[in-house]
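Number of protein chains: 2
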Amino acid sequence: MNFCSHCGHTVRFAIPRGDDRPRYLCDECGTIHYQNPRIVAGTLPVSGSRVLLCRRAIAPRKGYWTLPAGYMENAETTVEAAARETLEEACAEVTVHGLYTLINLPHINQVYMMFRADLVGGFDAGPESLEVALFEEHEIPWDELAFPTIERTLRHFYRDRVEGDYPLHISDITAEDRERYFGSA
Amino acid sequence: MNFCSHCGHTVRFAIPRGDDRPRYLCDECGTIHYQNPRIVAGTLPVSGSRVLLCRRAIAPRKGYWTLPAGYMENAETTVEAAARETLEEACAEVTVHGLYTLINLPHINQVYMMFRADLVGGFDAGPESLEVALFEEHEIPWDELAFPTIERTLRHFYRDRVEGDYPLHISDITAEDRERYFGSA
Numbered sequence: 001m002n003f004c005s006h007c008g009h010t011v012r013f014a015i016p017r018g019d020d021r022p023r024y025l026c027d028e029c030g031t032i033h034y035q036n037p038r039i040v041a042g043t044l045p046v047s048g049s050r051v052l053l054c055r056r057a058i059a060p061r062k063g064y065w066t067l068p069a070g071y072m073e074n075a076e077t078t079v080e081a082a083a084r085e086t087l088e089e090a091c092a093e094v095t096v097h098g099l100y101t102l103i104n105l106p107h108i109n110q111v112y113m114m115f116r117a118d119l120v121g122g123f124d125a126g127p128e129s130l131e132v133a134l135f136e137e138h139e140i141p142w143d144e145l146a147f148p149t150i151e152r153t154l155r156h157f158y159r160d161r162v163e164g165d166y167p168l169h170i171s172d173i174t175a176e177d178r179e180r181y182f183g184s185a
Numbered sequence: 001m002n003f004c005s006h007c008g009h010t011v012r013f014a015i016p017r018g019d020d021r022p023r024y025l026c027d028e029c030g031t032i033h034y035q036n037p038r039i040v041a042g043t044l045p046v047s048g049s050r051v052l053l054c055r056r057a058i059a060p061r062k063g064y065w066t067l068p069a070g071y072m073e074n075a076e077t078t079v080e081a082a083a084r085e086t087l088e089e090a091c092a093e094v095t096v097h098g099l100y101t102l103i104n105l106p107h108i109n110q111v112y113m114m115f116r117a118d119l120v121g122g123f124d125a126g127p128e129s130l131e132v133a134l135f136e137e138h139e140i141p142w143d144e145l146a147f148p149t150i151e152r153t154l155r156h157f158y159r160d161r162v163e164g165d166y167p168l169h170i171s172d173i174t175a176e177d178r179e180r181y182f183g184s185a
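Quick mapping for you: the protein sequence lines, in order, are chains W and E.
So in UniProt numbering, spot 21 of the first sequence is number 21, and the numbers just go up one at a time.
So in UniProt numbering, spot 11 of the second sequence is number 11, and the numbers just go up one at a time.
By construction, these hints were calculated from the structure, which means they are not laboratory data.
Check the hints yourself; a few may be wrong.
One side only, chain E facing chain W, incomplete, derived with CB under 7 Å [what the hints assert, rightly or not]:
1. Met1
2. Phe3
3. Pro37
4. Gly70
5. Asn74
6. Thr174
7. Ala175
Everything numeric in this text was worked out from a predicted model, so none of it was measured.
In this text, a Cβ means the ideal position worked out from N, Cα and C, and glycines have one as well.
Could you build the full structure based on these sequences and the hints that come with them?
This is how it looks when you write it as structure tokens:
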């Protein structure tokens, strides 16, 4: 951020009076530009014993497999965001169940919220997917998953499926976890 | 938003190519300025049979009672944000338990995430609170609560406390709900 989005004046990065962390400040119009984490909402769509995955057609991690998920938009709910992303990426309608994983990624200012869901009807590759397919557990491409959040959500799912009980799992992924996941790439 | 925060050029509000909703666009440098919902994280701090509430010293709803909560910041987790807000507003340390209410407010682009917590030690009014106090159920100032999210979280708590089981409650508050809550104020 270089300029005030309100008045166009240059901004500076400093701690406002009465605050305890630096913000982008406009000395011309007085606006304080707060920046906050974004929510990534998505689903784990299930059809019988199989799980739906999408192979990414776009960066980052083009060609890798993911659960349908993306940035929550203004004016929608978390459940609506998760269902919309599923429709956009997999052309799939789902019945959304409970929140299943809540994963904080503080180093990139993201909060993942993945919901369990049942696939309703068919699916197809949306514009952001190369292909979309259903996988049995032994078919999951563990070495070709796009993000550590996706692997973690799937690992929880297969562990919990043994008992048929799917509590909310809250966890964090650190910069070190992420580096380990992506290797030197 | 009137100006591009990257290059200072004026922006226009239009649907980018390949997108389906309007964004602030800079024709000079090509930046698309996405805007996304913000997370409000907080706690429901419990001490024995009592619940801790803060009376707001700042707008909006100055003088009304609330649970400690506020905007999640970059570079922190949801649990850290909830604990930090509790420390700031009530000078209270807490042990944070599970996520308890997840409330979408799509008309104001907020997602509330309230965690149950146990109060550890004392408390005091932080700079954003006029006073902080513990309340038995029959003492809760239902007509002087600051926000519908706070009332809803407390209502769930007293219903669930009967059985001692506190599942996650996901719900929405619409513009109409909010208008009904605040009346003509």
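- Looking back at the numbered hints, which does the structure fail to meet, lowest number first? 4, 6 and 7
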